[in-house]
Each structure stands twice: as C-alpha cells, then as structure tokens.
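K.L.:
Here are the chains, one letter per residue:
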Amino acid sequence: MDWFDGLLKPIMVVVAWIMVQFHSLFEAVGLDPAGGAAWSLSIVGLVIVIRILLIPLFFRQIKASRGMQLLAPEMQAIQKKYKGKTDPASREAMSRETMALYREHGTNPFASCLPILLQSPIFFALFRVLIELPNIASGKYPPIGPMSPELAAQAEAATIFGAPLSGTFMQAGSGPDAMAIRIVTVVLIIAMSATTFLTQRQLTMKNMPPAALQGPMAQQQKVLLYVLPLIFAFSGVNFPIGVLIYWTTTNLWSMGQQFYTIRRMPAPGSQAEIAMKERKARKSKSHGTIEEAAAPAVIIEEKPRGQREQPKRKDRNKPRPVVDDVKDKPVPPKDSDGPSTPTPGAPTKPKK
Amino acid sequence: MTLRSIARGIVRAPGRLLLLLLKGYQRFISPMTPPTCKFYPSCSQYAVIAVQRHGAIRGTGLAVWRVLRCNPWNLGGVDDVPPARPVHHHHDVAPSTH
Chain A
1 MDWFDGLLKP IMVVVAWIMV QFHSLFEAVG LDPAGGAAWS LSIVGLVIVI
51 RILLIPLFFR QIKASRGMQL LAPEMQAIQK KYKGKTDPAS REAMSRETMA
101 LYREHGTNPF ASCLPILLQS PIFFALFRVL IELPNIASGK YPPIGPMSPE
151 LAAQAEAATI FGAPLSGTFM QAGSGPDAMA IRIVTVVLII AMSATTFLTQ
201 RQLTMKNMPP AALQGPMAQQ QKVLLYVLPL IFAFSGVNFP IGVLIYWTTT
251 NLWSMGQQFY TIRRMPAPGS QAEIAMKERK ARKSKSHGTI EEAAAPAVII
301 EEKPRGQREQ PKRKDRNKPR PVVDDVKDKP VPPKDSDGPS TPTPGAPTKP
351 KK
Chain B
1 MTLRSIARGI VRAPGRLLLL LLKGYQRFIS PMTPPTCKFY PSCSQYAVIA
51 VQRHGAIRGT GLAVWRVLRC NPWNLGGVDD VPPARPVHHH HDVAPSTH
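If you're matching them up, the sequences are chains A and B in order. So the first sequence is numbered by UniProt numbering: it starts at 1 and just counts up by one. So the second sequence is numbered by UniProt numbering: it starts at 1 and just counts up by one.
One or more of the hints may lead you astray.
To be verified - Listed below are the simulated DSBU-like cross-link pairs for lysine-lysine, each with C-alpha atoms no more than 35 Å apart in a straight line: (1) B:K23 to A:K222; (2) A:K81 to B:K23; (3) A:K80 to A:K285.
Everything labelled a hint here was simulated from the structure, so no lab data went into it.
Bound conformation, chain A alone (with noise of 0.2 Å):
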C-alpha cells in the first residue's frame, strides 16, 4: 500500500492541516485541547471546509438544471413514447433521448461524476490519517503535515463519549474502553445508514417522474436501498470512529442541500413539484386580497393561444369578382417548388 499512500500523501497533508488549524481554533475558543470534543469538532470542520469549497459547484449544478421547467412537454412526449416498454434497448434509446433533449436545451439536471470521484481521495486520506495517528504517536509513521508526534498522540488519546477517535469496532479489543468504542460506533454506524437511507429516499420518493420509477434499475435501486445499511453496517466496523464521524456530518449537509434543491426546483412531474404547486397556490391564496389585482391581467395574457391571424390587406378584404378569386388562392406548400405564378395580391413568398 506504499504507492497508494505515496498518491494521497499531499492530500493527506492537506486535511491534517485543516484538522489541526480547526483544532488550534477550538483550543483558542476555550476548549480542552486534548478533549474529544475538539478533535470530534476539527473533523466536523474539514467536513464544512470541504462542503463550502463544492457550493459553487452545487449551484453550479442548479444553474444548469434551471430550463428543466421549459422542456416537461418534450419530455413527458419521450416518456409516452416508450411507455410499457422495459427491455434494455428501448431503456438505453429513452435516456439517450432524453439527454439529447436536456442538451438541446441547454439545461442537465444531473450533478456530474468528477467532483464525486474528487472528494473519496479526501475521504480515504482522513482514513488514512486517522488509522495512522497511533503510529505516528509513537513515531514509526512520519509526521504529516503539521501532525506531528506530540499531536498525534493528544488525538489519539481524545476520546468521545469514552471512545478514542482512531478506535474501530473490530479492533476495540477488550481494553477498558472497549465497550465505549462498540457503542459508539453502533449509534454512528446507524446514523450513517439512516442519513443514506432517507437522502436516497427522499431523492427518489419525491424528486422523480412516476415513469423513472418503473422498469428493471428502478427496482434494483429500490432492493439497494434497503439493502444498503446492510453493507454499511458491514464495512463502518473496520472505520475508525473519526472517519465515522467525517461520513455523517457530510451525509447531513448532503440531506440539507438535497431538501433545499428538492424544495427549490423539483423535477418535472414528480411528487415535489406537484407539492410546490400547492405551496404557491396557498401562498397565493392568502395573499389573495393583495394580489387579485394583478390576477386579471396574468390570466388575459395566457388566453390568445393557438393559430395567429393573418393580418390581410386593405383591399383584399373587400369581396372580389369571382374570375380574381380562383387565381389568388394561396397556394398550398405542398406545391411550392412548382413555378408559382406571382399573382397581384397573392401571397408571395421571399424571392431570390
């Protein structure tokens, strides 16, 4: 694992530093240095620096899925054309339909892949530090960063609620806090699970078109949903506690940033944007003493739909003798390419 380290190593410079300059904060607040509070805080703040660093980008992605409103009848026209039809192919013809359109359109609803990839070497670099921190403490890991021996050992040393930071439930061995580290990493484990778990429910509960929820990845996404605290369970018990603490604080701020995007422009024909329909119809209901004057005028200009009328010429509205009236017929388009004789008074297309 030297090359694996060896590529995360700047990284991992980097998130020690921001976990001993939050560190250093808390002690100048007036917290214990060598507490588990200070340490647990430092952690929740690498989580806040790093999710402040990727708010452009969420707005970004908000920016960007702005037009989304604009094009719900293109879309529900694709969504009815493969209707009932759940074999790969067409699944495959849809999207790439659909994100034709979104393109057309200038507008993508989705977050893109490299900001994800971006943020695990962070999260595998906390790992690191943190499974590292007892031998830094005694000095067979180099210090990183500003990590140094001293520091390491105050941190390893920190405990929450009688846990040490670097402790995991595999390796809580049967020392006299052993029982502390596996109580503490149940309750973050199951915290973890249930902030995954109601993201990803909400996200497709609530923000989906009924079309997207059916077929064969629908319901393999629905199996993984509940099958995911499972695998969380299985894998957060080689986690250290403080990396456990890292994953839940961001699938917070997750929840929050997903509730607000969700609240803010749901996607067409989904169960949210029907709920934000009814949001502003009550909020218009209410304020409906003050803007009933304004009401009118909204409706009136919905009204002129359909074909526009041809505005005509002064004397072509004056009723004609018969002869005139076969040879001004508009022609039809179908036979526009034949030599159209330029009548007076027809109407003539743009000429070369």
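We have chain A; now place chain B onto it with these hints.
P.N.:
Just chain B now, with coordinates in the frame of chain A:
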C-alpha cells in the same frame, strides 16, 4: 497458434481486469448513489465500451478524459465512444505472398 493465443491472452489481461473492476462498480457501488452522470452513455458505461473497443491503455485514456469533462461546467448530452481506429497497414511495404 497456441503461442499466439496465449500472447493475446496476456496482452488482453489488463483490459479484462479493468472491465471486471468497472462491472463491479456498476453492479454494487453505482446503485448506492443517485444517478449522477450528465452524459449518455454514463461515464462508467463509456469506460467499459472504451476499454472493450480500444484496449486498456487508450480506453483508460478516453475514460479519464470523459470523467474530466463530466464537470459542472459541461452541459453533457450524448457522447459516444469514438469508433475503433482501422488496423494500421504499411502501404510502402510489399504485401507478403501467401
């Protein structure tokens, strides 16, 4: 003949390994996250096709470039893997007589 097939197997082994990793991701990790990719085919599917079509080295390169493009400043859309390059022929060398 057998020597050739063994050589081919060795040459293709890294690609096979990559495909295995990608399929593992698609099967187990991807369903845990909400749909994320801005493109069709998705980044992981693009990587699978690229490695199958262009081999481990070129395929990885194409996939990395695709993931780099899958960022918030890109609009996404349909983006297919480029077709395989035609097999290179040496036109200046006389063809071997069979």
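K.L.:
Hints first: check each against the structure and report whether it holds.
P.N.:
Taking the hints in turn, this is what the structure says about them:
{"no.": "1", "hint": "B:K23 to A:K222", "result": "holds, 19 Å"}
{"no.": "2", "hint": "A:K81 to B:K23", "result": "holds, 30 Å"}
{"no.": "3", "hint": "A:K80 to A:K285", "result": "holds, 34 Å"}
The structure agrees with every numbered hint stated previously.
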